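There are 2 protein chains.
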Amino acid sequence: MPEVADLPLDDAALLVIDVQVGMDDPARPPRNNLDAEEKIAALLRAFRGAGLACIHVRQDDLDPASPFAPGQPGHPIKDLVAPLAGEVLVTKHVNSAFIGTGLGAMLREQELGTLYVTGLAANYCVESTARSAGNLGFDTYLVEDATAAWDHTDLHGNHIPAETVHAVSMATLHQDFATIVSSKALLSAIERRKQVAGSQEH
Amino acid sequence: MPEVADLPLDDAALLVIDVQVGMDDPARPPRNNLDAEEKIAALLRAFRGAGLACIHVRQDDLDPASPFAPGQPGHPIKDLVAPLAGEVLVTKHVNSAFIGTGLGAMLREQELGTLYVTGLAANYCVESTARSAGNLGFDTYLVEDATAAWDHTDLHGNHIPAETVHAVSMATLHQDFATIVSSKALLSAIERRKQVAGSQEH
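Heads up: the sequence lines are chains A and B, in that order. Oh and the first sequence: position 194 is 194 in the numbering used here, straight run, nothing missing. Oh and the second sequence: position 97 is 97 in the numbering used here, straight run, nothing missing.
Hints listed in this document are in silico derivations from the structure and should not be mistaken for laboratory results. Please read these numbers as outputs of a predicted model, since none were measured by experiment. Cβ coordinates follow ideal geometry from the N, Cα and C atoms, glycine included. Where hints are given, some of them may not hold.
Simulated restraints, written as ranges between beta carbons of each label pair [to be verified]: (1) B:E87 x A:G49: 48 to 58 Å; (2) A:Q200 x B:D25: 21 to 31 Å; (3) A:T153 x B:V90: 33 to 43 Å.
In silico contact screen, one side only, chain B against chain A (beta carbon under 8 Å); selected entries [what the hints assert, rightly or not]: (4) L52; (5) V94; (6) S96; (7) I99; (8) N123; (9) S128; (10) N135; (11) L136; (12) W150; (13) L155; (14) T164; (15) V165; (16) V168; (17) M170; (18) A171; (19) I180.
With the hints as extra help, turn the sequences into a complete structure.
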């Protein structure tokens, strides 16, 4: 993983993807990284404190029976990571936040070239968004402990633990699409930037 | 997996992604599905025999040191699955065959709404292309034995066998982005369509 000093922040945005109430549906299988939402909340505090952009993405499912369809109890963003007034909320209908949303054009217009991607689920909307971001030329980072995966059953009936799903997703994305970082490294980089800015004021 | 009768063919195209010589680079770790290229070759014969579209995708890497950069010995498409005169060849610089290529517009212009995705590597360009295709609204199928993955080491140093990488990729794509099918089911669907067409001639 890259050193803290390597994490660019000047044109950075934090992307928080699909952290919606429906992710806690008891019908879902077990997941890993149970504190991913807390990690995202800490990153939101740090980005807000540093005056850096926070962009929220929400799944507005077109299937009215989906827990993520507007009007369903699972649709709202969880309180812990809810957008503040004035922050951008991007609504989407498919997995990649770059398809059908205008997000790419908005980021270029605002000259936000560096993206720190977080959210749920790691191997679905987070991975699709990170793949799109990297392929579209954004300097893309994915915060591995600020995302989570769920247990799967593969097509031959074998059980795949959430940790394995998450590990394959991160290993595939790393270097080809995004740089995988920890929330600790990203928080340290923001802290270090604040100290540098503070020392320059004296 | 869906029944043979469920596989639509009337507006179908076979997509063959990045089956290039450089995939055999001895520096690469072990892979699964060693006969994926033979399976793709069989699908190409069947699609061609049925007068169905075959679309070839090639990575033209912009990094001149990449085995997949034009001019490198690893760049050409393998003979076994090489395009025939008159077949479409899409060249791309990133993982998704839908980014920077005009492929989506071309498919819509030719009214090809059903895509059967094959090629290498399962969790990189094949998965990115299938994710894009599904999210862009194409009826997307992925032929699981006509693609392959390679062993990985995860970000914590653990070994992930190619079979696991492949299984996670297929399990993630299935239903959310694409329907996973076998080459046998797809070949049977093409054969069945030929028989129906033949019987209608009598």
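Next item on the list: Determine which of the earlier numbered hints do not hold for this structure and return their numbers in increasing order.
Entry: 2, 4 and 12
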